[in-house]
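Got chain H; can you put chain U on it based on the hints?
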Amino acid sequence: MEEAMAARYWCYMCSQMVNPVMEVEIKCPFCQSGFIEEMSSSTGDTQVPDSEFGSDRALSLWAPILLGMMGNSRRRRRLRRMEYEEGEDDNDDGEANLGGETEFEHEIESFIRRRRRSRRSSATILQLLQGIRAGILASESENSEGDRDGERDRDRDRDRERVILINPFNQNIIVQGSYDSNNDENQNQNPIGSFGDYFIGPGLDLLLQHLADNDPNRYGTLPAQKEAVEALLTVIIKEPLQCSVCLDDFEIGSKAREMPCKHKFHSGCLLPWLELHSSCPVCRHQLPADESKLDSERARNSSDRREFENTNSESNISHGISVEEGDSEERSGNGRSFSFPWPFNSLFSSSSGSQSGGNHPSSAASSSPANAPGSTSQTDEN
Amino acid sequence: MASSNLPRRIIKETQRLLSEPAPGISASPSEDNMRYFNVMILGPTQSPYEGGVFKLELFLPEEYPMAAPKVRFLTKIYHPNIDKLGRICLDILKDKWSPALQIRTVLLSIQALLSAPNPDDPLSENIAKHWKTNEAEAVETAKEWTRLYASGA
Numbered sequence: 001m002e003e004a005m006a007a008r009y010w011c012y013m014c015s016q017m018v019n020p021v022m023e024v025e026i027k028c029p030f031c032q033s034g035f036i037e038e039m040s041s042s043t044g045d046t047q048v049p050d051s052e053f054g055s056d057r058a059l060s061l062w063a064p065i066l067l068g069m070m071g072n073s074r075r076r077r078r079l080r081r082m083e084y085e086e087g088e089d090d091n092d093d094g095e096a097n098l099g100g101e102t103e104f105e106h107e108i109e110s111f112i113r114r115r116r117r118s119r120r121s122s123a124t125i126l127q128l129l130q131g132i133r134a135g136i137l138a139s140e141s142e143n144s145e146g147d148r149d150g151e152r153d154r155d156r157d158r159d160r161e162r163v164i165l166i167n168p169f170n171q172n173i174i175v176q177g178s179y180d181s182n183n184d185e186n187q188n189q190n191p192i193g194s195f196g197d198y199f200i201g202p203g204l205d206l207l208l209q210h211l212a213d214n215d216p217n218r219y220g221t222l223p224a225q226k227e228a229v230e231a232l233l234t235v236i237i238k239e240p241l242q243c244s245v246c247l248d249d250f251e252i253g254s255k256a257r258e259m260p261c262k263h264k265f266h267s268g269c270l271l272p273w274l275e276l277h278s279s280c281p282v283c284r285h286q287l288p289a290d291e292s293k294l295d296s297e298r299a300r301n302s303s304d305r306r307e308f309e310n311t312n313s314e315s316n317i318s319h320g321i322s323v324e325e326g327d328s329e330e331r332s333g334n335g336r337s338f339s340f341p342w343p344f345n346s347l348f349s350s351s352s353g354s355q356s357g358g359n360h361p362s363s364a365a366s367s368s369p370a371n372a373p374g375s376t377s378q379t380d381e382n
Numbered sequence: 001m002a003s004s005n006l007p008r009r010i011i012k013e014t015q016r017l018l019s020e021p022a023p024g025i026s027a028s029p030s031e032d033n034m035r036y037f038n039v040m041i042l043g044p045t046q047s048p049y050e051g052g053v054f055k056l057e058l059f060l061p062e063e064y065p066m067a068a069p070k071v072r073f074l075t076k077i078y079h080p081n082i083d084k085l086g087r088i089c090l091d092i093l094k095d096k097w098s099p100a101l102q103i104r105t106v107l108l109s110i111q112a113l114l115s116a117p118n119p120d121d122p123l124s125e126n127i128a129k130h131w132k133t134n135e136a137e138a139v140e141t142a143k144e145w146t147r148l149y150a151s152g153a
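Line order of the protein sequences matches chains H and U.
Residue numbers are given in the numbering used here: position 151 of the first sequence equals residue 151, and the series is strictly consecutive.
Residue numbers are given in the numbering used here: position 83 of the second sequence equals residue 83, and the series is strictly consecutive.
Treat the hints as calculated values from the structure; they're not laboratory data.
Computed from a predicted model, the values in this text were never measured in an experiment.
Hints are supplied without guarantee of correctness; some may be wrong.
What the hints assert, rightly or not - Within a straight-line C-alpha distance of at most 25 Å, the following computed BS3-like cross-link-like pairs (lysine-lysine) qualify:
no. : chain 1 : residue 1 : chain 2 : residue 2
1   : U       : K84       : H       : K255
2   : H       : K226      : H       : K255
3   : U       : K143      : U       : K76
4   : U       : K76       : H       : K238
5   : U       : K84       : U       : K55
6   : U       : K70       : U       : K84
Just chain U, with the same shape it has in the complex:
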């Protein structure tokens, strides 16, 4: 019913996400709303999030692809560009959105953000400060949080 109004592009993207998932990323649409995706991103190797399984939610607004998807971490994560509500500071989700980007590219960019925290453009100021003043310790905290909140399940 709802899917009959679903733009072809969303259907195409969904099919491809399911048939050829990007490494370390899974995204599957909710049964009752094909615009709502349950997402899991594996913490990238050699990052403090390695071994973690991070849940996110992704929603394609009515305007998609003219407007960016809305994405949010549901799993608690210690990262200078992600705040405690799970909101993500990433330019392609805001002013750098382009309709040539896709769900897949967005999720890959988020995965890349986990590999390369950017404390110079923080969303969580405290975490960013921590990162800049004592990176080793901040990384430890991030690992600890990964163990506490993102270990499987």
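Next up, chain H with everything else stripped away, as it sits in the complex:
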């Protein structure tokens, strides 16, 4: 009986049907990952031909991720729940998802239409999609060597297997893939057709991670205003002092740039940071931010965020610094703040608040600065 049940699991990592290992946690026997899902209870026939798991399925399974990421956090959350094997209502959700393709297509269409209004984000998404597509095409040529016997899938081997390169400056994306499952089906599909073509395979998760990680501009404060940077004092160092960016000691008598909060840095250490963010590296004191390069909405969001941070900066800072100085004694101290704004807030800037659910949905309801009161107002229609 366990066998019959076991036969209908889908491993998202391997993109294939698997007989899971039933341990503490249900795992894929090939990649050992827990990212598997019981397939919808199409009674009887467990030997469904592969084509049935082609891009159509990929569409319906990945679309919620996309949609959730873009603004429908409820849907995303549902998918996330499916990821864990909680049983209960998962089947229903799964079926609703699988059956609701047209609904998704509709949503995707309207989503794209909405997206077109905002140049920045639609370009980003387009590049994202093209990047994934490029990866799929690339993988087709080399799919014969799709060996995935990596025992420890958590290891970085996977990252090497599917390299995703993103240029942080123009957001060009190159995906190198080596998964093979859906290629045949893709060829039967309308070539420019469904989103399913794009959202297959485990590359997506990695891609999102890389998107989130690779651009320092997407977190934290905006770049500092040029005028404010130019106005920073240049001071002569008179007593022994270390630059906390390069960790070198200043030479007595040498020049340093001083922030309004009196923290001093080498010019070459401070300026590159202020080109990215307006905060003091040591205490997060904010210089005026350069909002000119960003569309108004992003600017508004971040000014909300800045207000919030100003009121909280003292307690936030004390964490990082006190940890450094006090080592283990201080560690369990107070003043730590775990706030985790979903990084895509700024990537897909035109829909704010509600989308912050993306990868860790419940943080949407949390106390992260991005969700400070006032920053969540939805302004899609602007």
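What follows is chain U alone, placed relative to chain H:
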């Protein structure tokens, strides 16, 4: 060869990490990539992770220290702020990064996160729910996982 391009700051940090390791933390650079560190964190005492040895990987991106290091648990761990891929929900690794922070401070913060799970800002929703509804049981599971996956070796 690769190390000739390595910023002085990274060299300094590495030397200090090796010569004065923080208690309960070891970080050593990989031989073929000085920006890649193999990290071990001992589970803090009086936490469900006590007795565990947790392996992590840490990578210093090209932009470091203007961008945060990338850190991930390799050892499976039951913690509301760490997901099943080992990714860590910690503000200083994201928007609260500052170039005045270092590898050492990041790892100490992660160690502190083990002492103080924060189910209100979860990365693993299910674990967080577990933590909030039945903390004693969640702590037991965390201990169990520590025994299963993080016991030495």
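(request) Kindly indicate which numbered hints from before are broken by the structure, ordering the numbers from low to high. (result) As far as the earlier hints go, 1, 4 are violated by this structure, in ascending order.
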